[in-house]
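Number of protein chains: 2
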Amino acid sequence: MPNAAPIIHTSAPETDQAIDRTVPDFPVAQSSDEDNYFQTNTAPQYLDELRKETSEFIRFHQATGKKVVLVTSGGTTVPLENNTVRFIDNFSAGTRGATSAEYFLESGYAVIFLHREFSLLPYSRHYSHTTNCFLDYMAEIDGKIEINPKYSKSMLEIYQKYQHARDQNLLLVLPFTTVNQYLFSLKVISKELHQLQTKALFYLAAAVSDFFLPMSKLPEHKIQAQDHNGGKLVVNLDPVPKFLRRLVDSWAPGAMITSFKLETDENILLKKANQALDRYCHQLVIGNLLQTRKKEIVFVKKEGEHPVVWYRLTDEELANGVEIESLIIPNVIKEHEEWIRLHK
Amino acid sequence: MPNAAPIIHTSAPETDQAIDRTVPDFPVAQSSDEDNYFQTNTAPQYLDELRKETSEFIRFHQATGKKVVLVTSGGTTVPLENNTVRFIDNFSAGTRGATSAEYFLESGYAVIFLHREFSLLPYSRHYSHTTNCFLDYMAEIDGKIEINPKYSKSMLEIYQKYQHARDQNLLLVLPFTTVNQYLFSLKVISKELHQLQTKALFYLAAAVSDFFLPMSKLPEHKIQAQDHNGGKLVVNLDPVPKFLRRLVDSWAPGAMITSFKLETDENILLKKANQALDRYCHQLVIGNLLQTRKKEIVFVKKEGEHPVVWYRLTDEELANGVEIESLIIPNVIKEHEEWIRLHK
Numbered sequence: 001m002p003n004a005a006p007i008i009h010t011s012a013p014e015t016d017q018a019i020d021r022t023v024p025d026f027p028v029a030q031s032s033d034e035d036n037y038f039q040t041n042t043a044p045q046y047l048d049e050l051r052k053e054t055s056e057f058i059r060f061h062q063a064t065g066k067k068v069v070l071v072t073s074g075g076t077t078v079p080l081e082n083n084t085v086r087f088i089d090n091f092s093a094g095t096r097g098a099t100s101a102e103y104f105l106e107s108g109y110a111v112i113f114l115h116r117e118f119s120l121l122p123y124s125r126h127y128s129h130t131t132n133c134f135l136d137y138m139a140e141i142d143g144k145i146e147i148n149p150k151y152s153k154s155m156l157e158i159y160q161k162y163q164h165a166r167d168q169n170l171l172l173v174l175p176f177t178t179v180n181q182y183l184f185s186l187k188v189i190s191k192e193l194h195q196l197q198t199k200a201l202f203y204l205a206a207a208v209s210d211f212f213l214p215m216s217k218l219p220e221h222k223i224q225a226q227d228h229n230g231g232k233l234v235v236n237l238d239p240v241p242k243f244l245r246r247l248v249d250s251w252a253p254g255a256m257i258t259s260f261k262l263e264t265d266e267n268i269l270l271k272k273a274n275q276a277l278d279r280y281c282h283q284l285v286i287g288n289l290l291q292t293r294k295k296e297i298v299f300v301k302k303e304g305e306h307p308v309v310w311y312r313l314t315d316e317e318l319a320n321g322v323e324i325e326s327l328i329i330p331n332v333i334k335e336h337e338e339w340i341r342l343h344k
Numbered sequence: 001m002p003n004a005a006p007i008i009h010t011s012a013p014e015t016d017q018a019i020d021r022t023v024p025d026f027p028v029a030q031s032s033d034e035d036n037y038f039q040t041n042t043a044p045q046y047l048d049e050l051r052k053e054t055s056e057f058i059r060f061h062q063a064t065g066k067k068v069v070l071v072t073s074g075g076t077t078v079p080l081e082n083n084t085v086r087f088i089d090n091f092s093a094g095t096r097g098a099t100s101a102e103y104f105l106e107s108g109y110a111v112i113f114l115h116r117e118f119s120l121l122p123y124s125r126h127y128s129h130t131t132n133c134f135l136d137y138m139a140e141i142d143g144k145i146e147i148n149p150k151y152s153k154s155m156l157e158i159y160q161k162y163q164h165a166r167d168q169n170l171l172l173v174l175p176f177t178t179v180n181q182y183l184f185s186l187k188v189i190s191k192e193l194h195q196l197q198t199k200a201l202f203y204l205a206a207a208v209s210d211f212f213l214p215m216s217k218l219p220e221h222k223i224q225a226q227d228h229n230g231g232k233l234v235v236n237l238d239p240v241p242k243f244l245r246r247l248v249d250s251w252a253p254g255a256m257i258t259s260f261k262l263e264t265d266e267n268i269l270l271k272k273a274n275q276a277l278d279r280y281c282h283q284l285v286i287g288n289l290l291q292t293r294k295k296e297i298v299f300v301k302k303e304g305e306h307p308v309v310w311y312r313l314t315d316e317e318l319a320n321g322v323e324i325e326s327l328i329i330p331n332v333i334k335e336h337e338e339w340i341r342l343h344k
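Sequences listed follow chains G and H, in order. Going letter by letter, the first sequence gives residues 1 to 344 in UniProt numbering. Going letter by letter, the second sequence gives residues 1 to 344 in UniProt numbering.
Bound-form chain G, shown alone:
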């Protein structure tokens, strides 16, 4: 069969001569890679509005004195057409991000929630992605529609937390869909968060594509089959520059930065986490495996020999609905407090 190994690109494109091939992962982005990205790809039209909202939110919390965390959540898309019918997506319902945001709010943080549109949101997540329809939470009682009494107690508690976050202006919800929207938004938000120095925390849980189709390569219309011999489709994607290093170096130096590493092969998880720390010099990588991500995660820290700490739920805790974010967030906050203390 031809193309039996469809994922392997067998000829080295000339453009990549600058790449250090000694690291068995993406080359570290040359500083020019990111600049070039923002020069050759178009900013989303709403970017100024997003900057304004973010700036007001941060100024507000400079006054309240709260620590502010940027939680990114959900998967980015890579459109394969300009009028997008087809796109490449990253698996993520946004559970980790939406759940973590709630725990940060309950721990006294103000939260900027940069999420994939229609992925899970803090609080509403408890109801929105259930396979049984939203209307199943309702009931008709004396000709009036009500919350089904079965659910009303727990829903009231969640509703009150949600209202508190809204009333106190503790939660700024910003959406993205494409990886391009995500990258431009991340840059803008980071530069605003820079004002908070060490009080800013980055919690980058979004599943960001490692690949993208430069706008210069995007076909205008839906890909037509006659474009391909034999109706085959070959999609040829460029690597997304690694913006994490730029975030650490120049967008928001002083902030504490936590990134995630999701793998499916446990044999490479720690190696990849350590590589990320060595490369980007940020403070913390939280590693997890797709298969067990709700039961166990691992902290790999920058300091010294990259100490490794696993956090696990027992099967009993899992069965009782304990969420692993109840272990993650307090420990991330400990790291953040230590970070603030060290940089006083």
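It should be emphasised that the hints constitute simulated quantities derived from the structure, not laboratory data. Only a predicted model underlies this, so the values are computations on that prediction, with no experimental measurement involved. Please note: incorrect hints may appear among the correct ones.
It does not matter which identical chain is used: a pair holds within one copy or between any two.
[Claimed, not checked] Once the Cα atoms are required to be at most 30 Å apart in a straight line, the calculated BS3-like pairs of lysine-lysine come out as:
no. : residue 1 : residue 2
1   : K271      : K217
2   : K161      : K150
3   : K294      : K217
4   : K344      : K66
5   : K217      : K242
6   : K144      : K161
Starting from the known structure of chain G, arrange chain H on it as the hints suggest.
The following block gives chain H in isolation, referenced to the frame of chain G:
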């Protein structure tokens, strides 16, 4: 720049010699293509359960004497890995399918709703994909959570319709995610619907991928960048066999079949619709453009010279929330009644 036209596959794979290159679109699937698909790809584990539910639903409505429509809705995914982190998706929130299902139910049809999991559902669609959170429909009144009085009247009406469909067993909701799950499900449901002969209607609104990665090509784990020189990713996909013809010929001959054609280039829409009719010999293609799909659609019929009828909403109707499905469904039903009459 290398790969400047990333979507074009420049060498004709040997496997495609049988293909008729005179038609400027996908080759007609050789009968062996579909058989080969079902032999070389694994059926979803839940398929027998799905067959059982479908069979009971259809037997129930053989008794009620209702016409039964299969509405397919939402986009299919093409996993790029076996432990799926990345996948190719088709743009679709499921609006057309979910909305159409409601109009079919209100017109007395029983509906099998084969939909992309977490895409819009009949009735709950009015609330689930709003960007303002589901909890925004609630209110705390005297320490009790209630539906916000602003929304309760319209929500009650929708709830009652939803309950009616449930109580009368008029709606069978079946999910899929991957194109493989969709194809196996379509085959099973079609063979069950065959019992209803002309009383069965197919309304295939799902955005089904034209391409897939055969299981034999799927990498087990998350694609690692070191697999690619320079961190580029090349995805090489095979065409999905065209099952519509098999549906017409042998799965459910006698049923009326309506398919959709979504394009972004209006200059090719009618050509593609006519090609589909000529190739698959089904009864009706409903054409629409991504940009205007909520405002205008076109019927292209099999009979004679493929008569073309446009249905459009005025801007005023659009502004008043009139849904174009209120024009589509009654006219599809007219075609179905004619189909039944002709085959008495």
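For a quick check of understanding: which of the numbered hints are violated here, in increasing order? Violated: none.
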